[in-house]
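Given these sequences and hints, build the entire structure.
Protein chains: 2
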Amino acid sequence: MTLTGNMLIGRQAITGDREAIHAIDPATHLPLEPAYHGGSAEHVEQACALAWATFDSYRSTPLNARAEFLESIASEIEALGDELIDRAVAESGLPRPRIQGERGRTCQQLRTFARTVRAGEWLDVRVDTALPERQPLPRPDLRQRHIPLGPVAVFGASNFPLAFSVAGGDSASALAAGCPVIVKAHGAHPGTSELVGRAVARAVEKCGLPEGVFSLLYGSGREVGIALVTDPRIKAVGFTGSRSGGLALCQAAQARPEPIPVYAEMSSINPVLLFPAALQARAETLAQGFVASLTQGAGQFCTNPGLVIARQGPALDRFIDSASEQVRRSPAQTMLTPGIFAAYESGIGSLAEHAQTLATGVQGTSPNQCQAQLFVTKAQAFLTDPALQAEVFGAASLIVQCTSDEEVREVLEHLEGQLTATLHLDDEDLHSARNLMPTLERKAGRLLVNGWPTGVEVSDAMVHGGPFPATSDSRSTSVGTAAILRFLRPVCYQDFPDELLPASLKRGNPLHLRRLLDGQREA
Amino acid sequence: MTLTGNMLIGRQAITGDREAIHAIDPATHLPLEPAYHGGSAEHVEQACALAWATFDSYRSTPLNARAEFLESIASEIEALGDELIDRAVAESGLPRPRIQGERGRTCQQLRTFARTVRAGEWLDVRVDTALPERQPLPRPDLRQRHIPLGPVAVFGASNFPLAFSVAGGDSASALAAGCPVIVKAHGAHPGTSELVGRAVARAVEKCGLPEGVFSLLYGSGREVGIALVTDPRIKAVGFTGSRSGGLALCQAAQARPEPIPVYAEMSSINPVLLFPAALQARAETLAQGFVASLTQGAGQFCTNPGLVIARQGPALDRFIDSASEQVRRSPAQTMLTPGIFAAYESGIGSLAEHAQTLATGVQGTSPNQCQAQLFVTKAQAFLTDPALQAEVFGAASLIVQCTSDEEVREVLEHLEGQLTATLHLDDEDLHSARNLMPTLERKAGRLLVNGWPTGVEVSDAMVHGGPFPATSDSRSTSVGTAAILRFLRPVCYQDFPDELLPASLKRGNPLHLRRLLDGQREA
Numbered sequence: 001m002t003l004t005g006n007m008l009i010g011r012q013a014i015t016g017d018r019e020a021i022h023a024i025d026p027a028t029h030l031p032l033e034p035a036y037h038g039g040s041a042e043h044v045e046q047a048c049a050l051a052w053a054t055f056d057s058y059r060s061t062p063l064n065a066r067a068e069f070l071e072s073i074a075s076e077i078e079a080l081g082d083e084l085i086d087r088a089v090a091e092s093g094l095p096r097p098r099i100q101g102e103r104g105r106t107c108q109q110l111r112t113f114a115r116t117v118r119a120g121e122w123l124d125v126r127v128d129t130a131l132p133e134r135q136p137l138p139r140p141d142l143r144q145r146h147i148p149l150g151p152v153a154v155f156g157a158s159n160f161p162l163a164f165s166v167a168g169g170d171s172a173s174a175l176a177a178g179c180p181v182i183v184k185a186h187g188a189h190p191g192t193s194e195l196v197g198r199a200v201a202r203a204v205e206k207c208g209l210p211e212g213v214f215s216l217l218y219g220s221g222r223e224v225g226i227a228l229v230t231d232p233r234i235k236a237v238g239f240t241g242s243r244s245g246g247l248a249l250c251q252a253a254q255a256r257p258e259p260i261p262v263y264a265e266m267s268s269i270n271p272v273l274l275f276p277a278a279l280q281a282r283a284e285t286l287a288q289g290f291v292a293s294l295t296q297g298a299g300q301f302c303t304n305p306g307l308v309i310a311r312q313g314p315a316l317d318r319f320i321d322s323a324s325e326q327v328r329r330s331p332a333q334t335m336l337t338p339g340i341f342a343a344y345e346s347g348i349g350s351l352a353e354h355a356q357t358l359a360t361g362v363q364g365t366s367p368n369q370c371q372a373q374l375f376v377t378k379a380q381a382f383l384t385d386p387a388l389q390a391e392v393f394g395a396a397s398l399i400v401q402c403t404s405d406e407e408v409r410e411v412l413e414h415l416e417g418q419l420t421a422t423l424h425l426d427d428e429d430l431h432s433a434r435n436l437m438p439t440l441e442r443k444a445g446r447l448l449v450n451g452w453p454t455g456v457e458v459s460d461a462m463v464h465g466g467p468f469p470a471t472s473d474s475r476s477t478s479v480g481t482a483a484i485l486r487f488l489r490p491v492c493y494q495d496f497p498d499e500l501l502p503a504s505l506k507r508g509n510p511l512h513l514r515r516l517l518d519g520q521r522e523a
Numbered sequence: 001m002t003l004t005g006n007m008l009i010g011r012q013a014i015t016g017d018r019e020a021i022h023a024i025d026p027a028t029h030l031p032l033e034p035a036y037h038g039g040s041a042e043h044v045e046q047a048c049a050l051a052w053a054t055f056d057s058y059r060s061t062p063l064n065a066r067a068e069f070l071e072s073i074a075s076e077i078e079a080l081g082d083e084l085i086d087r088a089v090a091e092s093g094l095p096r097p098r099i100q101g102e103r104g105r106t107c108q109q110l111r112t113f114a115r116t117v118r119a120g121e122w123l124d125v126r127v128d129t130a131l132p133e134r135q136p137l138p139r140p141d142l143r144q145r146h147i148p149l150g151p152v153a154v155f156g157a158s159n160f161p162l163a164f165s166v167a168g169g170d171s172a173s174a175l176a177a178g179c180p181v182i183v184k185a186h187g188a189h190p191g192t193s194e195l196v197g198r199a200v201a202r203a204v205e206k207c208g209l210p211e212g213v214f215s216l217l218y219g220s221g222r223e224v225g226i227a228l229v230t231d232p233r234i235k236a237v238g239f240t241g242s243r244s245g246g247l248a249l250c251q252a253a254q255a256r257p258e259p260i261p262v263y264a265e266m267s268s269i270n271p272v273l274l275f276p277a278a279l280q281a282r283a284e285t286l287a288q289g290f291v292a293s294l295t296q297g298a299g300q301f302c303t304n305p306g307l308v309i310a311r312q313g314p315a316l317d318r319f320i321d322s323a324s325e326q327v328r329r330s331p332a333q334t335m336l337t338p339g340i341f342a343a344y345e346s347g348i349g350s351l352a353e354h355a356q357t358l359a360t361g362v363q364g365t366s367p368n369q370c371q372a373q374l375f376v377t378k379a380q381a382f383l384t385d386p387a388l389q390a391e392v393f394g395a396a397s398l399i400v401q402c403t404s405d406e407e408v409r410e411v412l413e414h415l416e417g418q419l420t421a422t423l424h425l426d427d428e429d430l431h432s433a434r435n436l437m438p439t440l441e442r443k444a445g446r447l448l449v450n451g452w453p454t455g456v457e458v459s460d461a462m463v464h465g466g467p468f469p470a471t472s473d474s475r476s477t478s479v480g481t482a483a484i485l486r487f488l489r490p491v492c493y494q495d496f497p498d499e500l501l502p503a504s505l506k507r508g509n510p511l512h513l514r515r516l517l518d519g520q521r522e523a
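Protein chains in written order, with UniProt numbering: chain L, 1 to 523; chain S, 1 to 523.
If you're looking for bench data, these hints aren't it; they were derived computationally from the structure. Quick reminder that beta carbons are idealized off the backbone N, C-alpha and C, glycines included. All clues given are correct.
Label pairs and their in silico Cβ distance ranges: (1) Gly81(S) / Asp426(L): 50 to 60 Å; (2) Gly208(S) / Ala387(L): 38 to 48 Å; (3) Arg329(S) / Leu131(L): 31 to 41 Å; (4) Pro95(L) / Glu42(S): 57 to 67 Å; (5) Ala387(L) / Lys206(S): 44 to 54 Å; (6) Arg507(L) / Gly245(S): 32 to 42 Å; (7) Ala130(S) / Ala387(L): 36 to 46 Å; (8) Gly208(S) / Ser57(L): 53 to 63 Å; (9) Gly208(L) / Ala503(S): 40 to 50 Å.
Listed below are several chain S residues computed to face chain L (Cβ distance under 8 Å; list not exhaustive): (10) Pro140; (11) Leu142; (12) Gln144; (13) Gln254; (14) Met437; (15) Val449; (16) Met462; (17) Val463; (18) Ser474; (19) Thr477; (20) Asp495; (21) Arg514; (22) Ala523.
A short list of chain L residues far from chain S (calculated; beta carbon distances all over 10 Å): (23) Thr15; (24) Ala27; (25) Thr61; (26) Ile226; (27) Thr360; (28) Ala503.
Structural data, given as structure tokens:
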């Protein structure tokens with residue numbers, strides 16, 4: 001397929017009328033064809049009008065039809081074959097196996113949401129049958145289900161050109177919930193976005209769905225992004241990216257005449273706690289695992305371990321020596337974009353001013369290659385210097401040396417909200433770990449024992465979320481099947497005749513849902 | 001019990017140091033003793049410090065202990081006996097049977113949440129067991145549960161001095177979720193608030209819970225209210241009241257360094273649709289039911305039917321004649337406060353300028369007595385005049401005459417978000433009603449057939465919520481057991497040893513929860 005540089009507004013391929021964006025191959029720093037002209041407020045208007053016109057129809061699709069649509073998107077993405085892989089590699093600088101794996105994850109994610117849609121638990125059907133004889137007042141017949149919020153604006157992330165982009169987790173969960181989706185493509189991978197966008201559009205057509213279910217726009221965050229978030233027909237926003245970008249969307253959404261929810265996944269440094277017995281038993285093994293997690297994908301993960309917390313002493317010294325040695329041997333890696341590389345350089349420059357540099361990775365030989373960085377500081381410095389808690393997106397991490405268990409707890413309490421917190425421990429550490437659990441639960445969305453935070457499973461139990469500023473809304477997850485719940489609201493039907501009830505609430509329970517019926521969960 | 005005029009900050013009874021508030025008996029317009037001095041930022045600080053210090057302990061109470069606490073609050077409220085009823089009647093001007101009924105509802109609500117806490121479905125336990133052999137990567141063991149957000153600030157409502165106040169729905173659901181609660185009492189019923197607050201405090205003590213679980217403050221919204229909402233230890237807000245009051249809290253919560261959710265239930269005019277066949281068959285019966293719902297409790301309900309929509313014609317004329325006649329005969333009723341009476345007078349004054357007055361109730365003979373009001377307008381006027389859509393809190397309603405089904409739909413689409421929408425229909429109306437369902441579902445949290453919106457059941461399936469401005473967050477309900485979900489967030493535990501897992505997630509499932517286990521709901 002030849003890339004056209006067009007946006008997709010429903011069934012129409014439209015060329016934007018704003019400045020052209022070219023993707024840059026970060027490995028060569030050379031622009032990639034074609035040009036992608038940004039859209040304007042008028043294109044946002046068109047896409048929103050289509051999405052709105054489609055909403056009632058799309059949300060009333062039977063569960064199976066909606067599930068098949070998600071599966072069809074997965075098949076269409078797979079059918080893109082190597083063209084998708086080639087373009088995503090060129091636009092992201094990520095290694096080919098990583099992009100292949102991400103494609104697999106993206107398609108599996110769509111199929112997992114298809115299963116979730118079919119199971120129908122997300123409808124959360126609750127029925128309280130009428131009690132006409134009850135005193136002092138009769139009880140009416142009450143039936144609750146969830147319906148989708150409305151059209152959703154999705155902002156693709158730079159670091160997962162497939163799994164958190166056009167047909168990534170936010171789009172998949174919103175479409176699963178019954179919301180039309182308008183994606184603003186990330187400027188770093190417009191070609192990948194076009195390919196996937198066309199795959200989604202083909203699935204829309206093959207499934208006989210109305211065209212407004214999906215649109216794909218290019219353009220600046222300030223123009224297209226804000227126009228989308230402030231359009232009255234957009235009812236929720238999914239975003240993965242920087243803290244400043246996420247907060248700008250939150251503010252725009254709150255300033256609307258009708259404020260709407262924004263699910264922004266923003267900033268996390270993912271603390272790793274090394275407990276004494278574990279550190280004593282295997283400082284070098286831990287260092288190896290840590291540096292592997294730190295440097296994977298040039299550290300460009302939301303869950304990258306950017307902070308290590310431990311009691312100072314000989315065991316931590318062994319960890320520091322071993323980790324430093326491995327960081328020094330870490331090859332340079334191409335970052336996703338020149339902008340991300342520049343921000344990384346600036347971030348580690350700032351850390352170097354506030355903490356002691358332990359080790360620096362191998363210097364790069366081609367454009368936009370980062371060097372891994374390891375820093376160390378004392379707990380008391382960390383507790384008083386906010387600069388040490390700022391996320392540096394990339395393979396940089398800071399070790400915080402504590403003099404006591406109490407100082408470890410103080411450092412944890414001092415942390416902002418996080419996506420993850422990791423504990424490395426042995427049996428002898430269990431008591432100390434248990435004491436910290438209340439703090440850790442308050443600070444993070446996912447807690448891990450004896451693993452590494454990079455690698456986020458798409459499953460029912462996953463939480464990729466956490467207190468602010470990890471996300472703008474800690475009440476949900478952006479990865480895993482529970483992500484569908486972000487785009488729903490409950491509606492109650494009182495004393496409705498069966499003819500007017502949706503299938504999920506009809507008295508015969510034709511969808512065979514496990515309802516909460518008069519206080520009891522059906523088997 | 002002698003009322004003291006004290007605030008309750010944990011176990012301490014403290015006199016505020018700001019201006020004294022006296023409750024006013026609206027029936028006599030005379031102040032009631034004692035004086036309630038408002039608190040200051042320092043009192044907010046004390047209450048928040050106690051709540052925060054208590055949070056980890058309170059949230060780890062076993063489900064049964066927490067349920068017994070809720071039941072104990074109910075028993076303590078009942079033990080207040082007539083003193084509570086007398087004071088609430090004096091402070092609210094509401095009839096004694098209404099207050100007695102509201103006490104019953106409040107205690108039943110607490111006991112219903114106790115049942116919900118014990119059942120544990122709100123934990124939403126999800127388990128994905130490890131798949132160590134999976135290719136290309138093994139799956140870790142993942143376990144999700146929900147934990148409470150943190151201390152919650154609750155703002156009591158004027159119109160339900162028991163059921164939406166100190167121990168009302170917001171407090172009950174937050175305490176059920178495991179959140180300590182700080183209530184800012186409504187200035188209209190400080191004595192009722194003190195009595196109920198002391199009942200809660202006794203339950204805290206009897207159940208051996210830490211004192212910070214509950215505090216009760218008096219004071220101005222501008223000082224105490226904003227100080228509460230902006231305190232970093234407060235993690236969510238429950239509010240029932242005016243649109244301006246709710247929006248002020250939302251803005252304060254969003255402007256925090258760490259924004260927090262605000263559940264504000266604000267403004268709704270609760271449209272009632274009269275379909276042609278139903279209107280033809282029973283215009284007079286409908287008029288009777290309508291005026292009864294409109295004038296009940298002086299119309300001081302969030303779900304008061306403030307808007308009637310119907311096709312014009314002889315049947316609607318019969319409805320109008322009959323309803324007008326009944327409004328004219330409606331006795332004057334004492335409103336909750338002089339301020340609410342003044343706002344009602346101003347609201348009906350504004351409606352009278354923008355619509356035609358059909359009927360006015362009997363004039364009052366004592367202070368703060370309102371007259372029911374009925375207005376009529378044409379659909380085209382309603383569609384172009386925003387003043388006609390403003391909520392008037394009290395027994396006032398506007399009939400909108402439409403010339404076609406299409407105009408009915410336009411009027412509905414033009415509405416802001418609502419708590420309820422009511423349909424009166426016969427079999428011949430089902431087709432028309434079905435066509436409007438998508439619109440109605442998008443506009444309201446609860447849809448009723450052939451009933452009246454006043455009267456909100458506390459049950460599993462109830463939704464007392466809806467799109468903005470009915471509430472600030474349509475994704476939840478403030479009445480019914482699903483209200484507990486507002487104060488929770490998910491946490492995932494990855495590869496945790498059983499010793500560190502909370503009871504709800506341990507491998508033996510000691511709490512016997514119906515988990516979502518490897519994609520299947522347990523029986």
